[in-house]
Structure formats: C-alpha cells, structure tokens
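All chains, please: the whole structure from these sequences, using the hints.
Residues are numbered in the numbering used here as their position in the sequence shown, beginning at 1, plus a constant of 159.
Hints in this document: simulated from the structure, not taken from any laboratory.
One or more hints might be untrue.
Below 30 Å or equal to it, Euclidean Cα-Cα: the simulated DSBU-like pairs (lysine-lysine) are [to be verified]:
no.: 1; residue 1: K254; residue 2: K443
no.: 2; residue 1: K323; residue 2: K441
no.: 3; residue 1: K323; residue 2: K443
For each label pair, taking beta carbons as the anchor points, the in silico distance ranges come out as [said to hold, decoys possible]:
no.: 4; residue 1: Y306; residue 2: S482; range: 33 to 41 Å
no.: 5; residue 1: P554; residue 2: I475; range: 25 to 33 Å
no.: 6; residue 1: L319; residue 2: T496; range: 46 to 54 Å
no.: 7; residue 1: A259; residue 2: L553; range: 23 to 31 Å
no.: 8; residue 1: I544; residue 2: V410; range: 26 to 34 Å
no.: 9; residue 1: N493; residue 2: S376; range: 48 to 56 Å
no.: 10; residue 1: P554; residue 2: F433; range: 35 to 43 Å
no.: 11; residue 1: D435; residue 2: T499; range: 47 to 55 Å
no.: 12; residue 1: L506; residue 2: I544; range: 21 to 29 Å
no.: 13; residue 1: M575; residue 2: K283; range: 33 to 41 Å
no.: 14; residue 1: A259; residue 2: N378; range: 24 to 32 Å
no.: 15; residue 1: P552; residue 2: N378; range: 38 to 46 Å
no.: 16; residue 1: T498; residue 2: T315; range: 42 to 50 Å
Glycine included, C-beta positions come from ideal geometry on N, C-alpha and C.
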Amino acid sequence: MALLVRSAASSPQFRKTVANPSASTVLFHIQSNFHPRTPPRKLSTFKHLNIYHINGNCRLKLRHVPPFATNGNASQLPPPPPTPPPSDSHANNRKFAVVACSAATVALAIANRVLYKLALVPMKEFPFFLAQLTTFGYVAIYFSVLYMRYRAGIATDEMLAYPKSRFIIIGLLEALGVVSGMYSGAMLPGPAIPILNQTFLVWQLAFSVLLLGRTYSLNRLAGCFLVAAGVALAVTSGAEHDQMLSGVAIVWPAMMMASTAFQAVASVVKESVFIDAATRLKGKLLDLFVVNSFGSGFQALFVLLFLPLLSNIKGIPFSELPSYLRSGAACFFNVGTNTTGCDGAPLLPLLYITTNIAFNISVLNLLKFSSAVVSSLAVVSSVPISIYILSLPLPYLPEGVSLSPYFILGSVVLMMGLVVYNLSWSIKQDSDIL
160 MALLVRSAAS SPQFRKTVAN PSASTVLFHI QSNFHPRTPP RKLSTFKHLN
210 IYHINGNCRL KLRHVPPFAT NGNASQLPPP PPTPPPSDSH ANNRKFAVVA
260 CSAATVALAI ANRVLYKLAL VPMKEFPFFL AQLTTFGYVA IYFSVLYMRY
310 RAGIATDEML AYPKSRFIII GLLEALGVVS GMYSGAMLPG PAIPILNQTF
360 LVWQLAFSVL LLGRTYSLNR LAGCFLVAAG VALAVTSGAE HDQMLSGVAI
410 VWPAMMMAST AFQAVASVVK ESVFIDAATR LKGKLLDLFV VNSFGSGFQA
460 LFVLLFLPLL SNIKGIPFSE LPSYLRSGAA CFFNVGTNTT GCDGAPLLPL
510 LYITTNIAFN ISVLNLLKFS SAVVSSLAVV SSVPISIYIL SLPLPYLPEG
560 VSLSPYFILG SVVLMMGLVV YNLSWSIKQD SDIL
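If you want it as structure tokens, here you go:
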C-alpha cells in the first residue's frame, strides 16, 4: 500500500488547516492513491499518529505529546546510563604498550648517545656536513608524516594556516643548537656530552620563568639545583690529572652548554605555540607534527644560511665552501683519494642518523600512549648507562676514558636531581606511573 505526497508548490490540492491554534490536533488533507471505497485504516507504525482515509483523501491526525518534566522539575528525567568501566584487557594492552614503548625508547636513547660520539670520529673535520644531513633527514621524515596525517584528517587546514613567525624563531634556535653541539661534541670526551646536555633542564626552567611567567614548586627548583651542582662537580672538580676535561679548552664545554640553551629556548617557544594555538583553534590542540615539520624546515634553511659564518669559524674561506662540501661528502661516503681519517664512514654516520630519527619517533609514540612524564623518565634513565658505555674502549675509540671519583659522584648527584625534579609530576599524575 503506497502513499503519494505532493509538495505544496506543485499541487494546489495540498493544504493545511488548523481548526484551533491552541488545540493539540493538527489536520493534514493529503492527496493519496488509496481506493475511495477502502475502509478507514489505522496505521500502527507511529503510536501517536492516527491516519484515516476519507473520500479519497488521507487525514493525518497528530496527537499532542506533552514534554518531559512539565512541572519544571528536571529531577524527574531518567539519569543517563553510567559509563562502563574500561575492560581489563584494554587496560592490560595499554600497560603492555607503555612498557614496550618505554623499553624501546630507553634502548634507542642509549644507542643515540653512543652513536652520536662514534659518528663524529670519521666526520670530525666535517661536523657541519653531518649536521646538514641530520637536519634534512628530519625535514623529510616529519613532512612525510604530516602529509599522511593531513590525508587522514588529523592535521587540518586551520592548523597548517597557523602563523609561521614563531616557527622561524624555532628553526633559528634549533639550527644554532645543532651546529654548536656538533662543533663542541667533536672536541669533547664522550662521557662529558650527556652530562653537559643535562643543563637543558636548568635552561628550560629559567626561560620558562622569563618568557612564559611560569612558577615552579620547591621540588622542581631543588631538582634543578641538584642537576646544576652535579654537572659542575662532574666536569670541574678534582685534581688536574683526575679531571676528565683536562687539556680541553673551556670554550668547548661552554659551547655545548650554549647549544642546550638554544634548544631550551626553542622548546619554550614551542610550548607557547601550543598555548596560543589552543585559543586560535577554539580549544583544539595543534598537531605535533605541524610544529616539528615547519620548525625543521626553517632549521634546514638557517643551516644553509649559516654556511659563510661557520666557514669563518672553522677558518675556511667562503670561496672554498664548495670544496669543503665536496670533501665532506667524500669523507661521508668514504670514497676518493683524500679520505684520511674517515675510517668508519659511511656506516657510523648513517647509523647515527637512522637511530636519531627512530629515537625521536619512539619518543613521540611513547608520548601518544602515556604522557610527557613517562617519556622524560625513559630518556633520563639512559644517561648513566650511556656514560658507562662511552667510558669503555669502543670500535674507533679504543683508548676509552677513565671515570674519576668526582665524575661518578657528579653523575649520582645529577641523577638525584632529575628524580627529585620529576617527583612532583609523579605525585600529581598517578596515571603516569607504569
């Protein structure tokens, strides 16, 4: 049995009449194809609708349904069903994912620190060339991931339209950090690099207070003080023959700490980008790969622009830069006649670049499954192990480095500071505990 309904614009036979505007019944006379002699039928599809056939027409009778809680008492409404708790299997799967990602992050962090020093053995005269390769590797990886997330609808057009001025600042600071870290790392003993890199925490606290107006608890301030004391004790204390940095010009550890300062300012600027984007995007969080992709892109641009300045620092005339780059490429691939001192290339530099990219992706993946606190603790836990490994005789570093008692004591104080610093976060966020 079919019902044909024509619109009011196309059929003059369609009309709506209301006998009484205040009444609860509205009558519709609709032209239908029911047989005129068909007795009236009640369609039970809608419990509150009565449809009858009168003289070839269909009469639709709507019964008024009073709203819920007509007396204004909202408590009469039935409460919403409670949200079912997550299943045990889901919680176990999430915990397993966090533990697995944490273990992978720790392993990659240790490999990243060790290979960082080993990669500088064949590329000691070409640290800027290695910095360029690392930078452009970041650009390729991050923009590829950003493209996939844009196709999936995770990164939107509004996110991509975010003003690029802060990304330019981030790129400049990260370029300064990478280049200064490469130059100083080539002149420093292996175990000193991860220790000096921990001054990142001190710089981050200072610039967060200056640029963002943040205030920190006593736990974090005490942890920051212990980190600074541990670094100072590890690199400056003891007799001259026991010092790990004896015979190393003070400019190199100072440059390494300056590189961490550049990176700390860049991280604070990134934090301000996320805060500002939450307002611009009306509460939506800016996709992480938008910041990393454009920051890495501008970083690569500034690395290229720094070529004349860096050539002057290294005593290379600007006119000889093409020759320097060709020599760096020849050393990296270990081809040609003038590759003395490039033993280990290209294996060691490629291992470092690959591990470094995998490490950054692993940190992002751990952040996805857990929180920033868990990822930070995973990275921090790799510091003492990497220090111990770098003190041992390694391929292409057969002499090793002896760890003085002051260095070990400074490392212990530094680790205590990192634990105290993260303690306040662990107390506030129970979900971060593995």
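Comparing the hints with the structure gives:
Between the alpha carbons of K254 and K443 the distance comes to roughly 27 Å, so the proposed pair stays at or under 30 Å and holds. This hinted pair checks out: K323 and K441 have alpha carbons roughly 19 Å apart, not beyond 30 Å. About 18 Å separates the Cα atoms of K323 and K443, which keeps this hinted pair within 30 Å; it holds. Evaluation of the 33 to 41 Å hint for Y306 and S482 yields a pass: the beta carbon distance comes to about 36 Å.
Checking the proposed 25 to 33 Å range against P554 and I475 shows it holds: the Cβ atoms sit about 30 Å from each other. Remark: the range hint 46 to 54 Å for L319 to T496 is upheld by a beta-carbon distance near 48 Å. The hinted range of 23 to 31 Å is satisfied by A259 and L553, whose Cβ atoms lie roughly 28 Å apart. The supplied range of 26 to 34 Å is met by I544 and V410, whose beta-carbon atoms lie about 29 Å from each other.
Checked against the hint of 48 to 56 Å, the pair N493 and S376 passes, with Cβ atoms roughly 52 Å apart. The supplied range of 35 to 43 Å is met by P554 and F433, whose beta-carbon atoms lie about 42 Å from each other. Judged by the Cβ atoms, the range 47 to 55 Å given for D435 and T499 holds: they are separated by roughly 51 Å. Distance hint check: the CB atoms of L506 and I544 are about 23 Å apart, consistent with the given range 21 to 29 Å.
Range check, M575 to K283: about 34 Å between beta-carbon atoms, so the 33 to 41 Å window is met. Take A259 and N378: their Cβ atoms lie about 29 Å apart, and the range 24 to 32 Å holds. About 39 Å separates the C-beta atoms of P552 and N378, a value consistent with the hinted range of 38 to 46 Å. With their beta carbons about 49 Å apart, T498 and T315 fall inside the hinted range of 42 to 50 Å.
When the structure is compared with the earlier hints, no violation turns up for any of them.
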